[in-house]
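**Q** Each chain sits in its own coordinate frame; assemble them with the hints.
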Amino acid sequence: MKKPEVGRIAGRFSLYLVLALFLLWTLVPIYVVVSNSLKTDMDIFARPFKVLFQPTLANYQRALTVGDFGPYFRNSLVVALSSSLVSVALGVFAAYGFASFHLKGLRVFNWILVLGKSVPTITILLPFFVIMSRIHLLGSYAGPILTHTAINLPFVIWLIIGFINDIPTALEEAALIDGASKLQSFWYVLLPILAPAIGSAAILSMQLSWNELLFSLQLTNMDTYTLPVGIAKFVGAISVDWGKSSAAATVTMMPIIIVGFFIQKYLVRGMTMGAVKG
Amino acid sequence: MRRVLNRPRVVALGYLLILPAFLVILFVMIIPLATGSAFSLFDFKFGSGQGLGRFLFLKNFVRFFADATALKALQVTLLFSAGALAGELFLGILIAVLLDKISVRLAGILRAIFCVPLLVSPIIVGLIWRYMYDPTFGLVYAFFSRIGLRSFFGGLSSPAWALLCVIIADIWETTPFILLVITSGLAVIPEELYEAARIDGAGSTRIFFSIMLPMLVKVISVVLVIRGGDAFRVFDIIYALTGGGPANSTLSLSILAFKEGFVKYQMGYAMAISLITMILVVGLFGSFSRVSVRQERTR
Chain A
1 MKKPEVGRIA GRFSLYLVLA LFLLWTLVPI YVVVSNSLKT DMDIFARPFK VLFQPTLANY
61 QRALTVGDFG PYFRNSLVVA LSSSLVSVAL GVFAAYGFAS FHLKGLRVFN WILVLGKSVP
121 TITILLPFFV IMSRIHLLGS YAGPILTHTA INLPFVIWLI IGFINDIPTA LEEAALIDGA
181 SKLQSFWYVL LPILAPAIGS AAILSMQLSW NELLFSLQLT NMDTYTLPVG IAKFVGAISV
241 DWGKSSAAAT VTMMPIIIVG FFIQKYLVRG MTMGAVKG
Chain B
1 MRRVLNRPRV VALGYLLILP AFLVILFVMI IPLATGSAFS LFDFKFGSGQ GLGRFLFLKN
61 FVRFFADATA LKALQVTLLF SAGALAGELF LGILIAVLLD KISVRLAGIL RAIFCVPLLV
121 SPIIVGLIWR YMYDPTFGLV YAFFSRIGLR SFFGGLSSPA WALLCVIIAD IWETTPFILL
181 VITSGLAVIP EELYEAARID GAGSTRIFFS IMLPMLVKVI SVVLVIRGGD AFRVFDIIYA
241 LTGGGPANST LSLSILAFKE GFVKYQMGYA MAISLITMIL VVGLFGSFSR VSVRQERTR
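Chains A and B, in that order, are what the protein sequence lines are. Under the numbering used here, residues 1 to 278 are what the first sequence spells out, in order. Under the numbering used here, residues 1 to 299 are what the second sequence spells out, in order.
The hints are simulated quantities; they were obtained by calculation from the structure and are not laboratory data. Do not rely on the hints blindly, as some may be mistaken.
To be verified - Result set (DSS-like, lysine-lysine): computed pairs, CA atoms no more than 30 Å apart in a straight line:
1. B:59 x B:45
2. B:259 x A:233
3. B:45 x B:259
4. B:72 x A:233
5. A:233 x B:264
6. B:264 x B:45
7. A:233 x B:45
Claimed, not checked - Each pair of labels, with its calculated beta carbon distance range:
8. A:104 x B:191: 37 to 47 Å
9. A:140 x B:191: 51 to 61 Å
10. A:107 x B:12: 15 to 25 Å
11. A:178 x B:27: 34 to 44 Å
12. B:206 x A:10: 15 to 25 Å
13. A:5 x B:279: 54 to 64 Å
14. A:193 x B:187: 21 to 31 Å
15. A:15 x B:86: 14 to 24 Å
16. A:223 x B:50: 26 to 36 Å
17. B:215 x A:140: 43 to 53 Å
18. B:160 x A:15: 32 to 42 Å
19. A:133 x B:30: 14 to 24 Å
In this text, a Cβ means the ideal position worked out from N, Cα and C, and glycines have one as well.
Bound conformation, chain B alone (with noise of 0.2 Å):
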């Protein structure tokens, strides 16, 4: 910390430095999580013109755990995170370890490439991949055509492949975000213990599972984190490829809660479906906080 000038005028004209951003953060994140708490109590319906309606205290919580839509929506939540992670996790590391491996330019080169997806919106991610995945004219009926397992994939309209292609789109999105944090991973590790590594006589794949993977368990569980929590929040590239169809096999908790307070006007249900799946993000991925915490007492 640099050093402090504790005069009471100096000190005053510091909160008065912080107060303009404080106060944007209390009209647009703290007012609204303490009213939307309230909302969460109450039968509100939105433009009922009845107020906030009956009192309901903790019922549309218990509602939420008796609603067989909410529970798919939990399961369709924890596929997608699960199912992205591991793919983006895998796809991600390899090609970080095989860019260590080729010389530094290309590797450069290739990893500016390798980003663009991160750098598109979600939801043209989305148009991209419904093009992708169109019946008639899309590149992975094509392919399958061609591979002769035209009638074995089901595309966007089956419920039993919908949410794989989601996936496979967030894959395709957010796999360059773990490819440059393992880069910046693979970037700390000392020379001289690879050089030792090949003296002793080991190949690449211990090497892989004998430095690095170990070197790189703390990055990794930082983006499992990182990344965890916005798999659990998905909304953008499934409203834009299914907007939680079909059958709701794709129906996440996000979109849930959106169809809930923006199509029916429930907003009191809506708003206890969105604050679940802020505890579960918290209570899955709250690791994150002691990181992030951690890292500031060091600095």
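Extracted from the complex, chain A is given alone in its bound form (with noise of 0.2 Å):
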């Protein structure tokens, strides 16, 4: 039995070195920006690549106060605080109507949410760029929040609704029994059930908002460009500055990063839109 104890052992090997591989490549771009974003110039265009080195704060410093990423920093979690706020504050109250008053609409509305998952983010755009311009709103917050509601609002709504059916109907019943009237019913008795899902697709809606970048590259301006925008303008130069364009990248990722590690279960979920249950 010696042949077949040997591939097994080969097999073994093999599978650990491929997922190996695959740490590597999914790590290595990610060390190479975050590392840059810690290097002095010299070391960053030293060939052949610096693993270690001596790290500095000085492209940090720089993109907050040579760069404007201090401002982009704090539009951006304008844009996104605002946006996930009022998506989840409307799309909460438009799940609990569809789920509970058995309205005509959900038809309508099923076929909004595949409408919003098959258009071009461009076709919509085009048009919304120039009725902003034409209602004197482009270059205000009012662009990037509004347009980011309205791709979070339709799956926030599909998430809600989905969690509402899950709640026994009897608890509703017993409230409204009790003399309870439906808003009071949704406010006391639904709503605490439904706060880690209403927490999710908050945090789901933020991080869309914080990494969306063609709709607010044209509806912000100067004073209200995010910071995937003031990226976009740092990568367009025509050299590119490393080290300050590295310390605004890791500065935007790492807090979605962070998050992230902790929502992945609603990650799929959400990315999936229900297509398969995660």
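**A** Now the structure itself:
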């Protein structure tokens, strides 16, 4: 029985080898951008690539003071927080309306959900840009907040409807029999149970808004650029300032990566829109 | 569906609850889609001060199929989608199946790390890979120099290589998505199936092709539709890496529509391009709607 044993060990070895290679493939690009953000220009341009180096925070200081990344960070926070707040608030109300009142609009809503998934961003952006310029709202926070809210709303509604349908109707009926109004039973009975679902919907909405580029790119101006737009302007420059843009990129991606670790399960659900139970 | 309260006042309250969400979607999606469709019928040049311009009816759409650049963009978009999907599916399924074979704890930790690229904004993915592909200090060139193929690899500035470079960056970013979905698909395969197969003497390869793959067909088709639609509309990563160049070799339909609309201000034509893109997405990947509606009915 010696031969199959050798084959098994070889199989095990190649399995771990492939996984280790994939780990490298995943982490090397991340390490490159994070390490560049902590390197001096000398170290960034050194060849071969310096794995170990003397870290410095000079790039971060430069990005925040010389570049406009301080304001961009603030703009991104304003846009992400407001749009996720609005989408969750409106989304929860709408989901409750759909789930508890047996409205005829559910089919239309389904249709909008699919529409939102197949319309290219640019198809909405071109006319929306013209509309916003006509009503003099180009360059304000309204553009990115409204568009991000509209992208997130169908998804938030869909997610919350699923959760409401999982709650036994008896709970709500008991409150109604005790004399609570429909809205009171929603506020005091359903909402507390829905809290975790609402929290994950809020985080997912924030993630989308924080990372979104195309709408923000055209609908904002110098005063309202978000972080992705700021980075896009950096990358577009003829010679990229790698230290500074790496620092900006690190600041932009780290909060999302850290949060993402905790919401992995919802991430799949959100991205597949329930076509696959995550 | 939950218990119905059909008194008129209560129903009115229900509609009142969905009204604000509906207004946002009306203003940001439905009205722009309608106005945009109207724009596509005109020779609408934004900022020219001539209103909508001449009425062209469907000439903008006809122009698309006679425009060599537009046809090139269609070809690039199809190549990008096919290449990215093939690479992502292969890697995603491979890694998901391998993670299924190791201890649950280690698999969980690795999966969490493998998901990181998914969380990074596409514009940053672009920035990272711009550096990786940089001819003087990028790691990809360093690698090709090491194995003696420095002159063979063209990078982002070569029309022959640029699209492949963009596809690889996209594979880096979205393989974790496929990995996650396939993992959830694998989780529902009953353990008894594997045991029965093993007792019958089936090896790993046989188990993969005779049990896992057939059980995954539905999940794979859903993934194909969702990722396919996304790939077909690709914008961010190309915008960050090449902006559509060199020599239009990475010009996707969304990038073309963006350039026509926001660089040349040819809003009418840009809108026609983007509507054609949308129709193709719906046509090529429209089965997603069927999947999603069916899901809703069983609930």
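**Q** Looking at the structure, which of the earlier hints fail to hold?
**A** Per hint list: zero violations.
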